[in-house]
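Chemist: Here are the chains, one letter per residue:
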Amino acid sequence: MSASGGDPVHQSFLAHAQFRWAKLALALCLLSLVAYLWHQPVDGANGGTWLGYTLGGIGAALILCLLWLGVRKRQYRSRLGTVKGWTSAHVYLGLSLLLIVSLHCGFQFGLNIHTLAYVLMVLVIGSGLWGLIAYDRLPGRITRLHGGGNREAWIEEVLDLNEQAIGLANALSPEVHSRIVASADKLQLGGGLRAQLFGPRRKQGGDGLRESLEKRIAQLRSGPSRGAATAPGEQNTVMFMAGQLRQTAGGEQEAAGIQKLLDLLAHRNELVARINQDVALHARLQLWLLLHVPLSLALLAALVAHVFSVFFYW
Amino acid sequence: MGIPRVKIAIVGSGPAGLSAAARAAELGIPHLLLEAEAHLSHTIHRYQKGKQVMAEPAQLPLRSTAPFAAGKREAILQAWNDSARKLGIQVRYGAAVSAIRASSDGFALDTTSGETVEAERVVLAIGLQGNLRKLGCEGEDLDLAQYQLDDPEAYRDEAIVVVGAGDAAIENALALAAHNRVSIVNRRDEFDRAKKGNSEAILKAIAEGRIQHLSNATVAWLRQDAPGQGRLCLDTAEGKAEIACNRVIARLGATPPRAFVESCGVNFPSRDANAVPAVSARYESNVPGLYIIGALAGYPLIKQAMNQGYEVVEYIEGRSPEPADALLLAAKFRVMPGYQSVEAGIARIRERIPVLAPLTSLQLREFLLDSEVHQVQPGALIFRHNDYSDSFYSVLDGGVQIQVDEAESGRQIALGSGQFFGEMSLISGRRRSATVHAGPAGAVLIETPRGSMNKLIASVAAVRRVLDETFLLRAIQAKLAPGLDAAALRELVASASLARYAAGELLFREGDPGDCLHLIRKGSVTVARELAGREVVLAYVPAGQYVGEMALLTEQPRAATVKAAVATETIRLEASAFKALLSRHPQLRQRINDTFGQRLVANSAVDSQGGGGVVQFLMNQGLGEATDVLLIDEGLCVRCDHCEKACADTHGGVSRLDRETGPTYEQLHVPTSCRHCEHPHCMKDCPPDAIHRAPGGEVYITDACIGCGNCERNCPYGVIQMGVTSPAQPSLWRWLLLGGKEPGAAPGSADKGAAKKAVKCDMCKDLSGGPACVRACPTGAAVRVSPDQFLQISRGTDE
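Just so you know, the protein sequences line up as chains A and B, in that order. Heads up: the first sequence begins at -3 in my numbering, then just goes up one per residue. Heads up: the second sequence begins at 6 in my numbering, then just goes up one per residue.
Don't take every hint at face value.
Stated by the list, open to error - No more than 16 Å apart at the CA atoms, straight line, and that leaves these computed lysine to aspartate or glutamate pairs for EDC-like:
1) B:Lys12 with B:Glu31
2) B:Lys12 with B:Asp375
3) A:Lys211 with A:Glu153
4) A:Lys256 with A:Glu159
5) B:Lys209 with A:Asp156
6) A:Lys211 with A:Glu250
7) B:Lys762 with B:Asp694
8) B:Lys209 with A:Glu153
9) B:Lys245 with B:Glu143
10) B:Lys209 with A:Glu152
11) B:Lys584 with B:Glu560
12) B:Lys209 with A:Glu159
Derived by calculation from the structure, the hints in this document are not laboratory data. Everything numeric in this text was worked out from a predicted model, so none of it was measured.
If we strip away everything but chain B, and leave its shape as in the complex, we get (with noise of 0.2 Å):
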């Protein structure tokens, strides 16, 4: 038997690659569909028993040869496989596909099994998840191991060996440990690598002996005696050890798929870890031949990669369906004035505006699709000044008008067709810098959420690029240079770079030569002073202002250190260009002088009077990144619980703050409690994008939430809580003349079936009148401030 040959090989079983397979298999076109796995759909396969997948987008049609509707995992993996038994799809199980090589005809893809299939086009489909890292040695492919734990309530008296360091290891060892007896094998001697509650946990437990710790080992090999019974060998520091075991459950992480892409000769459009590769709009990358569908290709959602797998299949037998997001586009687009099609309209959009020009035609639609469309009257405000929302404009037609500096009314600058605003709040993660207005001739924009616009960024290299001149030179002339045209900054935005730092890395130290300044993108920083041999915080600085001017005017070596209080983004601008700069305009030197002078005073105010303790303090606490904070001063707390009830009764019997936990330095508390993060935690992985930012600065949490525990996993300060709220609240009369539940009490009576969902604080965004907490609080103890207000704070309150 020769080398199998087809027309299609398609790589992956999940949505897109399983679509794509049925419809070749209906159009009777030579296919096979080679899956790792020993069965279709593996991130599928792994979903918890039960668990409900979700449909999104609603509005999205399906268009798939397969079934898909929302339902339940069982159902839906159900459907799949009759579906592929009734078609008559072509699966080859057990296939890693570990090559994929261009041939003359086609390509030759090698599989782990030893196998080649020959085909003249591939569809790739393989997801984001990688493969399981396995043990890499002797036996591990063995029943004994495995690489997942689904349900450890399982496994009952057993000897089990739980091999990895990170979380999902310590999680794994810590619920088995309850019913057996649980070894976990480090290759080091510490848990650094795993979240501070995990490690603490794992720690705890070994020291009491509920889990035995094998440090500094890695495992040897695997061997399996009878069913059920193994001996694992481990090398350690002292030579190898054997030891016996029911079973392994080795937790190792996985391998991105991107090295396995780009071996296939597959470009990647930047480094970034979020980039996906770039495919023409018929999803053909830049080997000819082999397409990329789904999830690796930048759609998550089981729809959309279902709806490609289907399409891949049409284009490769040379038909062009229409996308089936075109009557979604074709509702937006009709505000456009003009509008005629879909297709019409998006050759506009590329045509006129050259940010988005470099985006392929997917990802344009992918664009559109999140954007809005907007037909602004003339003179009619967009935002103001000190918002807080973050989205994206570009303009399409007609333009607005920019206010930057409130106080000069005359100074406006006028953007046009084809160019963007909102870019500085989208990357410093801030209020709004400057308040919009349309044009004379009102204005057509369209408006790209935070998250699509972060994604674009990720992906397409020259968007970045723009965005990033753009920023540079827009926060030159706010921030530093107001007046000054883009000619006049030239020279000192092209000695511009862009520098990173994580928390608590030093942008420069005390006595250092000052060779340039820095403007801060995003995050924030400290600025500290050595003190009689102790480091003392005169200062925060948040994004959007400069640090490092002091010792470019003075001649002086830096008289401060500069430390990143969170991760933190700044543009340096080289000391040479910028004296160049300040000697051609001296009323810009004026300016800095300033400025200088100001915080001169405050810095030796804050010296003086010793409140630099506590700016370092809420620095710890990871403050640096807060917006908007709740602060208790104990010194006049008197423990009455009122801010708690009050948020309690205000929010469905749940309160999103916890008064007595939390850290205190002197007499300030800093409760459990959002803190309203420039750069939500919480919003970075919200499967129905649940979580926004009100224009207040508000970061909520709206009633799409499915309750998966995301955000309160990814929350390091543990404000996000999963509870239940009830509507209804206890009656304050009853209470007063009848006793029994007290206004604010947590209601017993809440559904007990109902599902969980994150709740936090809102800073009672619906409330007139501001959050309750603070509004009940009897003697002024509790207070919210915004970072800006800290040193206020520490200089005492008691005056």
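The shape of chain A in the complex, shown without the other chains (with noise of 0.2 Å):
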């Protein structure tokens, strides 16, 4: 649409200064495939020839340029190109690197420190893609999932909900009273990272308190005469109702406020849920970090090593 010609108002950082990176890698890429392909040295393409130290220079040197972004990223007043520029170019001098250092060392592979550093630069790269997918995929399931509303709007309701729950349940019964309170106590959103990601371990809001009462209201409007026909076992609840069958003036007004209370903790546990869901995708999408960070920081310890052991063992 834009007859000027410009930069578009914002686009994605893979579509960055329109594919500026992504040109750029392919083109060290043929370049280098080129090279190789031309190249046929005596004792077969390896990291010892000129080519191999020229490719490992540029692997390596793209290595730290690399791992630079975690420091620019937070150099918030650095003027040297904007974070989505490292962010792009991050990405695609990242996969480029896979075809390069292939190139650099020939293709020779064995149980040592520089095939090591090898794997460990694969296993980023891949974690990587990982992390790129998932921020292409989750991002929009966030928002999504949020509807226009948001997380803290979201523990607030819930809490108010809480609130309403248990005066509902004072004026019920204290038994029931003091198992909302135990509803309301046990409720978990987030925690450690397992929790995050799968959601808590615990069924919440449950342990059959949603089908006592729902039992309940079916005793309370169909009269006290089908209360015996509970199947045996559960013992606890038809003590429970039992007790109260005995005030069947009201029954309907009861069995209102229960359904009531059934109501608001549907809804209270839909939105718990809905939050552990949000958290879960959160945590989604940081999860590939966790790898990508440590694995990258192994490399680099790799590369040294590779790289000492090349110029003063080899």
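Since each chain sits alone in its own frame, please combine them into the complex, following the hints.
Modeler: Right under this line is the structure:
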């Protein structure tokens, strides 16, 4: 639409500056490949030829540049490009490493520090690809989950609903009250990494509370005679309800109160589930970094060892 | 005992009135100071305890018999009380003046207590606060009833009835409810007069039973049974109801003093709420012998008011002291070629610049005190097209060249001595519409800041009229009919009228007959069309552009509905005059046709791509008055919060944006962050004038901020906060290697006792390379855009 031909108002880091870094990475790969195919050393392609050293030098320099993103993105006053440009370069140059470093070693692998560095690099790039996919898919899902709301507001609402539920339960009976209080206490939002990713281990807002309350409504509404038809094994619930059945007067009113309580709990549990889902999506957005960053540091160490051993012990 | 008679009666014992009384007492002139309250200087008395009172403007010397220096409220009040006693000022407390009548030999002043005082001259110094509205029924003056609340913490376990449904009443009720049983009496059943936050908070408190709501009720009477024990009777729809209470707090606003002043025979120059009565150079109003000084005359600062109090007595005594501002003006005037004296300088300005001629001497001095006089070299740049400055320039000597269109370098307008420029940005709040250079002979210019100019426009009708007419002609020349002179446009200009629209109000509706063209002078509008039963916004049109030309060109009914996005002013040009102009100037028709064609293409593109919903959403967020806004594409945002961290790291540890909060439409998120409004709400009431607009458009707060919080309250978008910034920043390398505080984290070590100041986005105007939030975004999700780019945004970005 924009006839001016300038940059669009905004675009993804992948398309940054009309794919400048993608083009550059592609050119670098092509150049390396052409040189590799043209260069035919006597003892076969390996890291020790002049081309091997050149490609290795380029690879090592690239790795250091890519690692520097972690520093640059926190240098908020830096005017050395934009972080978006750096991220764009990080992605495309990182991918080009796969080819450049493979050509550097002439596809010679073994059980040594050199191949360890290579494997680590592949793992880093792999985790980076995972991150790319996460960055592509998850943001939209978070927005759709939010649907205009936000987590803070939901948490506030959950707390509010808890209070209301306790108020309602208090009017019903001490037993219902204590169970609602316990259920509110047991609510868990987020937690450790496992809980963040897969939700809390304990079932939320449950413990048969809903079932027993629903049964209670059915009994109140169908008259006391059917109360006896309760299945065995729900001894507690039966006892608890038997005590309440004595006051059959105002049964409909009590049923309505319980129904209201149930609706409220259902809404609360839905919110809790949504919050935990939100927590999980956010955790998944970060999860790949837990691999990517430590692996990158390991790669740096292996790279130093690789260069050191090449120059001093080869 | 007959009616007391004095030479000078002074009404109001604020800084101005007290200073006048002090001078009169010192000179031994028979005088009487009438004060409605039981103490001197009620407005300052009402300041909160320990408040630091400023002595602005710092460079203005104080000339008063009463003392004054910046300091704590208590010290200032004490000094004034001491001085009043020592000088023997005659004060009548509790004497609210209800009428001032001119008589054959002076004035008769009636007070609410039934007394009458006669005086030869009257000095009116009642300020602008007005009188607090009382309950207006039996018992309104009982100790049980109070009309303000200094410290809600002072009351415990009382039954308190708050009367009123405005912000003050709600805030008081909520604060008191923490430790008391509070009821709120509301004349209606809603709180829609209050701010949204307040009305939500009170409704929640009522729903939770913390406050009792007595709706559709008015107070019938209040009776006291014992000290601190009373009964309040309410008139309700169901009849009368009595409630027992320990205290009644009525927050019913204040009556502005204007009606009273007019009842004394004083004229106001316009109906504008900010207008002040015109007074002579000697502070005399149009009623001979009735003088007006202080805030009521348009001088809200304490020192100015006290100087006037001294001077007015001198004038009444027939002396003419040199005004206290003479030295300041002399310093400003020195750059004028051939400068001789302040008086000569003022006379010269008045004679040379017609738009300033209708000002009274006092207004002109005030205007010049706020302004700067510049001597500009030939050809020097004054401002550039698209600069964001908004001051107003008058040409005293020499001339300037205005270049309206960058592309047409030949088309220049020359302005000479006595003319003015800069009114476009002043009125529209938008960027400079032209580039201005000094003429070949150089120029002497008077530059006046926006605030002072707006004050002048509000109080001098003639200035407003001249500015409006000039704006009209120049806007038509710039936007509609370039190259046509005033004579060719006379008919069209004569047909023009000013139209005002509230946010959301319609300029015209789809299908209406096309009877006029609107040139938008201030604010912005949206253009929408009904598609499949749904209103779809096609375009956003900002100030400086026109709408409504389509129907006039095609002779068809209106093809779209145009609605004000924010409070908007337009110049309405009648269809007949416009069509006549077009028939006389075919090249003009061509030009309008071209714009028309472009709009048609743009509209149909929006139609087919369905971007209208986004524009509507953005307008609903108040972005119609924005100049630059931070938006986040949530499809790209990885929630890393580097935008917030970058903001905090570059601004003393306090982030001025909140990424998470704020509304979202489809993938577009509007975070809580400054939009740099065209007419910034935050600037409205800044006592030290600390909020400015930089040439790049950034609205920023200077170090002059006194932390009063007015801007925080005035901002409808909640983007200003009161915070303590810290000069120390967490070190990146220490964090990387040793851990601890990450850059961008809030510095916990900020000085606890440091005064909070207002902080807001300054668009990183002092950092090269643009806003840190956008530069720190790793994925390109954060963008800063101007409203002109909204449509581009709305057309999707993932291509």
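Chemist: With reference to the structure, classify each hint as holding or not holding.
Modeler: Do the hints match the structure? See the list:
1. B:Lys12 with B:Glu31: Given pair Lys12 (chain B), Glu31 (chain B) holds - Cα atoms ~14 Å apart, limit 16 Å.
2. B:Lys12 with B:Asp375: 35 Å, violated
3. A:Lys211 with A:Glu153: Measuring from Cα to Cα gives roughly 27 Å; hence the hint is violated.
4. A:Lys256 with A:Glu159: 14 Å, holds
5. B:Lys209 with A:Asp156: Distance of about 12 Å is within 16 Å: holds.
6. A:Lys211 with A:Glu250: 13 Å, holds
7. B:Lys762 with B:Asp694: Between Lys762 (chain B) and Asp694 (chain B) the Cα gap is close to 14 Å, so the pair holds against 16 Å.
8. B:Lys209 with A:Glu153: 13 Å, holds
9. B:Lys245 with B:Glu143: 15 Å, holds
10. B:Lys209 with A:Glu152: 14 Å, holds
11. B:Lys584 with B:Glu560: 10 Å, holds
12. B:Lys209 with A:Glu159: 14 Å, holds
This entry does not satisfy hints 2, 3, going by the numbered hints stated previously.
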